[in-house]
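Asks: Sequence:
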Amino acid sequence: MKIGELSRATGTNIETIRYYERIGLLPEPDRTAANYRSYGDPHRARLTFVRHSRDLGFTIEEIRSLLDLSDDPERDCSEADRIASRHLAQVEEKIAQLTLLRDELTRIVGRCRGGVAADCRVIEALGDHRHCESAH
Numbered sequence: 001m002k003i004g005e006l007s008r009a010t011g012t013n014i015e016t017i018r019y020y021e022r023i024g025l026l027p028e029p030d031r032t033a034a035n036y037r038s039y040g041d042p043h044r045a046r047l048t049f050v051r052h053s054r055d056l057g058f059t060i061e062e063i064r065s066l067l068d069l070s071d072d073p074e075r076d077c078s079e080a081d082r083i084a085s086r087h088l089a090q091v092e093e094k095i096a097q098l099t100l101l102r103d104e105l106t107r108i109v110g111r112c113r114g115g116v117a118a119d120c121r122v123i124e125a126l127g128d129h130r131h132c133e134s135a136h
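In the UniProt record's numbering, the protein residues as written are 1 to 136.
I should point out that these hints are in silico values taken from the structure, not numbers from a laboratory. Note that the coordinates shown come from a computational prediction; the quantities given were computed from them, not determined experimentally. Glycine residues also receive a C-beta, built at the ideal position from the N, C-alpha and C atoms. Any given hint might turn out to be false.
[To be verified] Cβ-Cβ distance ranges computed for the label pairs, FRET-style:
hint	residue 1	residue 2	range
1	G127	E79	47 to 55 Å
2	D76	T99	21 to 29 Å
3	D81	I14	51 to 59 Å
4	A84	G24	17 to 25 Å
My request is simple: use the sequences and hints to build the entire structure.
Replies: Right, here's the structure in full:
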């Protein structure tokens with residue numbers, strides 16, 4: 001398939017496909033006699049893996065490591081578990097930070113009484129961190 005077909009089949013931007021080729025996440029395809037890229041099912045499967053991994057928030061380097069593991073099916077999967085567990089811990093930390101941020105913003109917005117900007121509690125809180133209840 002041509003790059004446009006691969007793009008449509010995986011929902012991946014053409015420039016992103018080329019980028020993944022340049023950085024080695026996706027092997028360069030064969031070329032046709034007219035010098036068009038010619039992708040096969042292994043390219044589609046690998047690109048789907050990369051896209052899904054990116055959607056889950058894995059970094060390029062984490063994906064590279066996971067692909068290395070995937071390319072050697074006889075290897076122990078403990079490294080994949082370690083990578084995913086570390087990523088999960090990072091996601092949980094981010095959720096905790098976002099929860100604090102949401103709670104603080106809810107409190108700030110709840111203090112708003114309307115009126116003029118000079119008396120606005122939102123502007124006051126944004127201008128002076130001492131009005132906040134948490135270290136967000």
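Asks: Looking at the structure, which of the earlier hints fail to hold?
Replies: Those not satisfied are hints 2 and 3.
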